[in-house]
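*Asks:* Letter by letter, the chains look like this.
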Amino acid sequence: MAIQLQQLAELVGGRIVGDASVSCAGANPPDVATPDDITMLDDPSRVDVIATSQAVAVVTSEPIDQVDIVQLVVEDPHAAFSAIVAHFRPPMSVNIPGVGVDSSAQIAASASIHPTATIGAGTIVGERAVVMPGVVIKPQCRIGDDCVIHPGVMLYEYTELGDRVVLHCGTIIGAHGFGYRQQEGRHVPTAQLGYVCIESDVEVGANVTIDRGTYGATRIGEGTKIDNQVQIAHNCRIGKHNLLCSQVGIAGSCTTGDYVIMAGKVGVADHIRIGDKAILCAQAGIMHDCEAGGVYIGSPAMKQREQMQIFAVQRRLPEMRKELKSVRRDVDALTQSVETANDDQRDEQDRNEQNRAA
Amino acid sequence: MAIQLQQLAELVGGRIVGDASVSCAGANPPDVATPDDITMLDDPSRVDVIATSQAVAVVTSEPIDQVDIVQLVVEDPHAAFSAIVAHFRPPMSVNIPGVGVDSSAQIAASASIHPTATIGAGTIVGERAVVMPGVVIKPQCRIGDDCVIHPGVMLYEYTELGDRVVLHCGTIIGAHGFGYRQQEGRHVPTAQLGYVCIESDVEVGANVTIDRGTYGATRIGEGTKIDNQVQIAHNCRIGKHNLLCSQVGIAGSCTTGDYVIMAGKVGVADHIRIGDKAILCAQAGIMHDCEAGGVYIGSPAMKQREQMQIFAVQRRLPEMRKELKSVRRDVDALTQSVETANDDQRDEQDRNEQNRAA
Amino acid sequence: MAIQLQQLAELVGGRIVGDASVSCAGANPPDVATPDDITMLDDPSRVDVIATSQAVAVVTSEPIDQVDIVQLVVEDPHAAFSAIVAHFRPPMSVNIPGVGVDSSAQIAASASIHPTATIGAGTIVGERAVVMPGVVIKPQCRIGDDCVIHPGVMLYEYTELGDRVVLHCGTIIGAHGFGYRQQEGRHVPTAQLGYVCIESDVEVGANVTIDRGTYGATRIGEGTKIDNQVQIAHNCRIGKHNLLCSQVGIAGSCTTGDYVIMAGKVGVADHIRIGDKAILCAQAGIMHDCEAGGVYIGSPAMKQREQMQIFAVQRRLPEMRKELKSVRRDVDALTQSVETANDDQRDEQDRNEQNRAA
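Protein chains in written order, with full-length UniProt numbering: chain A, 1 to 358; chain B, 1 to 358; chain C, 1 to 358.
Chain A with its partners taken away, still in its complex shape:
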């Protein structure tokens, strides 16, 4: 699969700054790119992400002086990078598979595939894996050993499952991310060329949806458990041994640490980072990053201690309002009384002055 940068430059109509004979074997975002990958810089002010990336080369709209990396300079880096990703992982969402197991799929001898399941070209199924009735696995997926894929599960192309992954009925892995740009008053889908990688020992409940990454992987870390009807959007990287309860929704490009717990119906906005062992309580609405070990409650969510104090006062709001009115009345009465007393005092002073003057 390796290809020389010169050939990629010809593919996308760009020019190479640096050694054009260098090869790469994949394309990934800067922070997850390996030394075999080409990556992309779409925001020239973020040179730092390239400086710390392991990528061998970068697609960029203008030459970058500060970094020692081969550069593929093009007018539209997104379009060029999409074309390069598509070279490595050709899109095939609308290709219709054959019936049953494709002749080019590699099914381990000890795996069990129900005759009504569909398995696409090039897909690999590991030892003792079980694929139940009505399951559809699109081309080029990798299913590890001892996986159990319950009835009606659908895996889009390029999905990767580690070993001992369990997917319950009706779960959909790898649908297109919800990304659009407006163009002449219409929403045009942005490239959704990535895939989903679910690491070993993950269990996923029923009717869950996990979308593919934009260019690279949406990743679910080892040992994480996901309850029914959870939604995980494109580019998320969920850590290891998380517990995501039912009806949780996580927007695009979020990352979580290890041992994070999200209770039922938690919602997380896009690009949020959740630290290790953070606990997000039921129905929390997470709008900001959460620190490791923190407990978050409410919508918008706050740290537990702070939020509980606020909740306690909220329950007393009607009483507070009455008290505020009462204080206002007392202050007004007191002001009146003081003014009267002051008037009296002034009158008295006048009388005393006249008296003293007399």
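It cannot be assumed that every hint is accurate.
As the list makes no split between identical chains, a pair holds if one copy fits it or if it spans any two.
EDC-like, lysine to aspartate or glutamate: derived pairs with alpha carbons at most 20 Å apart [stated by the list, open to error]: (1) K322 x E306; (2) K322 x D332; (3) K303 x E319; (4) K277 x E306; (5) K277 x E184; (6) K303 x D258; (7) K240 x E222; (8) K240 x D163.
These are computed hints drawn from the structure, not numbers from a lab.
Chain A is already provided as a structure; the job is to place chains B and C on it using the hints.
*Replies:* Same frame as chain A, now just chains B and C:
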């Protein structure tokens, strides 16, 4: 399909006021009825909706004097209208289809239908449409050109898709609306005789549910994009180019304008109207109509500016409570001090008066 | 299926206290056990639940003196009870069924089964039941008369449906409950050996998920109606004639009375009890038991009257904050003014005293 009103009157046991020889070819609610349709008035005080309807005739429980329209007078308009709707669109939810493509379905030569898909009687599939494994399309559906229907999608009878509609895996279009009436302590389903119409260039994510209308269409406007796990209830009319993010839930009979955006987990109560370009923020709970261009936050939702002010004060509630207590203490102390001063002053006045009198 | 307690003791390596020749025919939690069942006490301080149980025998870690019931004493009651439940209802989630209807299934002559449906060993399907395309019914299920199972519905093993049950497309009944215990830093699934029982006249919408019980049944009461995308967790017991609107989520081991209504997106924490005819408003977050007939709003939810008062004050928070600041200013000004007046008065008194002394 056209039928004379006299025949409909015989079908439902009613009488015609006006020209019984007039024909109609469909049945629809007043506001969407065409000049070929018969409609229904279930609330005699709402004659205005008939006056502005284009329908050629109306089913009513009593003759309406104010409008110049042919009338079919019956005892129970709902039951009669249900029977008429069922005449035009016979219910068939429990009919079991054959295997594969029904011989009466019309499949364009350039369409691709996977052999494990089921396509019911009378369904029409357009040019270059792709129907993936395990898809079930019930009878009498219309699928436009270039549609992509991913694995495991289920379309109930009479569903209509425009051109270039994409439906992702596990999405269910046209299930029965959640409507019941109580009868002797039991919930009895009301008629769910409508269908779903999805206009061109709509993309729908995975595991979405869109329910059929009661009598007519639940409609999704052209170019609208719907993310995973969204629920849209019966009779909703979603405008053009909306963006509905994941896990949004819209209750029955809501309408939205064009370019509306609903962020993740927004909930909208039934019969709500949302204006053009309104933005409903994540987890918002919409209990009232939203004006065009408005931004709404919170549950219950308010306009952004107002809600942000309230949120800001909420965060300071514990501090406010302390301040209120402090003000109360100060007022009480001041009251005490003023009373003491007043007493002193009165004593002094007494002494002065005695002095002046002396 | 009946087995003598002595044999169960040998199966799990325990000893019998009482009459070892007694037989039992099932295993269930204390509160739902019948006189044919063995039950379990996992918390020795809860002897009361055994005293009121109808079970014929109990698995316990230590002999219980206070109750007159045959006892099976073992070191680890959970492990032993799991083994006993598995004896009566062998786990088979990973067994792959055959194609079409298993030869040992009993299908009523008047039932309609689509050829693409899968029906497992020992499953019974009642008169006039309709099983649509792509439905998967695992082994040992019981489907009553006149049930309609729409396309793509998946029933795990041992699921029981009463008569006239309707399940809409994409609904998943009986997936494993979300229960884990931590062991050396990993989440290990706890036993999920129970099943789902849906009583007669229940209608369930599209893409709903109802998880099996841990040892016994998750139960949906007669006549209850469930809207799309509802999630009901393991061990819940939903009463009769409930209405559960779309996207409701109910955590494990909750019970509801009869005629309970939950509006859209309600979330209920685990082990909550909801009384008859309680109404939970849209997006409510239920953290405590709800009394019969009560109306609950908000997250965390409160009784309607109280919550509405709080909401009303919340809308006025910015105004309250201004008023509090204004009161503080007035109090400070008044304090200043009183101090000045007091100083004046003291000066005046001094002058008067000098005058009087003169």
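*Asks:* Now look at each hint and say whether the structure bears it out.
*Replies:* Hints, verified against the model:
For a Cα distance limit of 20 Å, the shortest separation of K322 from E306 across copies, 15 Å, qualifies, whereas the shortest one inside one copy, 24 Å, does not. For the identical chains of this complex, K322 and D332 are neighbours both inside a copy (15 Å) and across copies (16 Å), given an alpha-carbon limit of 20 Å. In this assembly of identical chains, the alpha carbons of K303 and E319 lie at most 20 Å apart only when taken from different copies (16 Å versus 25 Å within one copy). Only within a single protomer do K277 and E306 lie at most 20 Å apart by alpha-carbon distance; the minimum there is 19 Å, versus 35 Å between protomers.
Within a single copy, K277 and E184 get their C-alpha atoms only as close as 45 Å, which misses the 20 Å cut-off; across copies the closest is 15 Å, which meets it. Taking the shortest Cα distances, K303 and D258 sit within 20 Å of each other inside one copy (19 Å), while across copies they are farther apart (37 Å). Taking identical chains as interchangeable, the C-alpha atoms of K240 and E222 lie at most 20 Å apart only when both belong to the same chain, with a minimum of 5 Å there against 41 Å between chains. In this homomeric assembly, K240 and D163 come within 20 Å of each other (Cα to Cα) only inside a single copy, at 14 Å, whereas the closest approach across copies is 42 Å.
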